[in-house]
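> Sequence:
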Amino acid sequence: MSTRIINGRRPKNKRIERALLKKEPKVNENVKSAMFLRGPKTSEIINQVIADMYTLKKPHGIKFHRRNDTRPFEDQGSIEFFSNKNDCSLMAFGSHQKKRPHNLVLGRFFDHQVLDLIELGVSNFKSIQQHPGNLSYTVGFKPCFVFRGPEFEQKEEYKKFANLLLDILSTLLPCLPVAAALRFPLLSPVTSPIVLNSAVHFYRGEVTDQISLMGLDHVFVCTAVEGKIYFRHYSINLKKSGTNLPRVELEEIGPAMDLTIRRTRFAAHDLMKEALRQPRELKNRKVKNHPGTVINVHKEKQDLGQMQTRKMKGLKRKRAEGAANGEADGEANTEVAAAAEKDTTPKKKRADE
Numbered sequence: 005m006s007t008r009i010i011n012g013r014r015p016k017n018k019r020i021e022r023a024l025l026k027k028e029p030k031v032n033e034n035v036k037s038a039m040f041l042r043g044p045k046t047s048e049i050i051n052q053v054i055a056d057m058y059t060l061k062k063p064h065g066i067k068f069h070r071r072n073d074t075r076p077f078e079d080q081g082s083i084e085f086f087s088n089k090n091d092c093s094l095m096a097f098g099s100h101q102k103k104r105p106h107n108l109v110l111g112r113f114f115d116h117q118v119l120d121l122i123e124l125g126v127s128n129f130k131s132i133q134q135h136p137g138n139l140s141y142t143v144g145f146k147p148c149f150v151f152r153g154p155e156f157e158q159k160e161e162y163k164k165f166a167n168l169l170l171d172i173l174s175t176l177l178p179c180l181p182v183a184a185a186l187r188f189p190l191l192s193p194v195t196s197p198i199v200l201n202s203a204v205h206f207y208r209g210e211v212t213d214q215i216s217l218m219g220l221d222h223v224f225v226c227t228a229v230e231g232k233i234y235f236r237h238y239s240i241n242l243k244k245s246g247t248n249l250p251r252v253e254l255e256e257i258g259p260a261m262d263l264t265i266r267r268t269r270f271a272a273h274d275l276m277k278e279a280l281r282q283p284r285e286l287k288n289r290k291v292k293n294h295p296g297t298v299i300n301v302h303k304e305k306q307d308l309g310q311m312q313t314r315k316m317k318g319l320k321r322k323r324a325e326g327a328a329n330g331e332a333d334g335e336a337n338t339e340v341a342a343a344a345e346k347d348t349t350p351k352k353k354r355a356d357e
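For the sequence shown, this note's numbering gives the first residue as 5, with consecutive numbering after it.
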């Protein structure tokens, strides 16, 4: 048995110890995983919504096949237990009741405790199989996001919904220019396109510094009109054009649904501040212009002819050169001795004389 205590537990063997070490806090955290649950009663629409969201979240998702008698807004103990057991920080919960039909709850956790919850009503749903387009993408693709409507900048619940959706669906959020965003089918002439690029990113993949432009082949569009959010998913097709820029065409591939915000439960300001706190190693530290540790010293040109080198056999002086140098040194010493003899300057007399 190991003597090391990890997360308040003493592992019984190395396998359990490795599993506990994976759940420990890290400077660079793992990719956020999501768990997909169903309540005691669900409709066919909600079942298909959960299945499509799980398809888009692969491979960073866990789908529960059994039903769970839990209510996220009334009791968070069960979902927090599932979050800790499966090491998931995101959640999608589906249920169906007479009071709240076709109900979808999205949430996220901090330290395996509920941070934010938002309840949505689903209507006019079309699954991926009901669209003629072909849903084909590589693993770890980076989708684009477009949020249209002033509600995403003015109302708090819409801001949280956009932030939570980005946290579920993406990593680095590449955004289309406004000219390309204008080509999306308008649901209302009143709404104007708003393209967001947030640093807080349910479909969040691995963090990367470089993105291939050929991988930007999907876009999620959320349009807020008259209290509803129209969620659409398109594939981006680049066609030839007469200019350097390709012609952009969009093909709806699903899922597509209309969402209505119902209940919300957001974290307090202090808890959110603690959740957004960054480690000291990841903070951008200020770098002085002259730090004093590394400096440049400009000197005169060095005479490399007198520089001492390794005494290799090929670099040693020849004996003839050495003998000639010796004779020159002897003549110089003779001249110095003769000059010393010629110096007949009288010495000072002693004081007693």
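Don't take each hint at face value.
Taking lysine-lysine and the DSSO-like style, the derived pairs with C-alpha atoms no more than 27 angstroms apart in a straight line are [to be verified]:
(1) K287 / K277
(2) K232 / K163
(3) K103 / K30
(4) K18 / K30
No lab work stands behind these hints: they were computed from the structure.
> Taking the hints in turn, state whether each one holds.
Hint by hint, here is what the structure shows:
1. For the suggested pair K287 and K277, the alpha carbons sit about 15 angstroms apart, so the restraint of at most 27 angstroms is met.
2. Between K232 and K163 the alpha-carbon distance is near 14 angstroms, which keeps this suggested pair within the 27 angstroms criterion.
3. Our distance criterion of 27 angstroms between C-alpha atoms is broken by K103 and K30, whose separation comes to about 42 angstroms.
4. For a cut-off of 27 angstroms, the pair hint linking K18 to K30 stands: about 20 angstroms separates their Cα positions.
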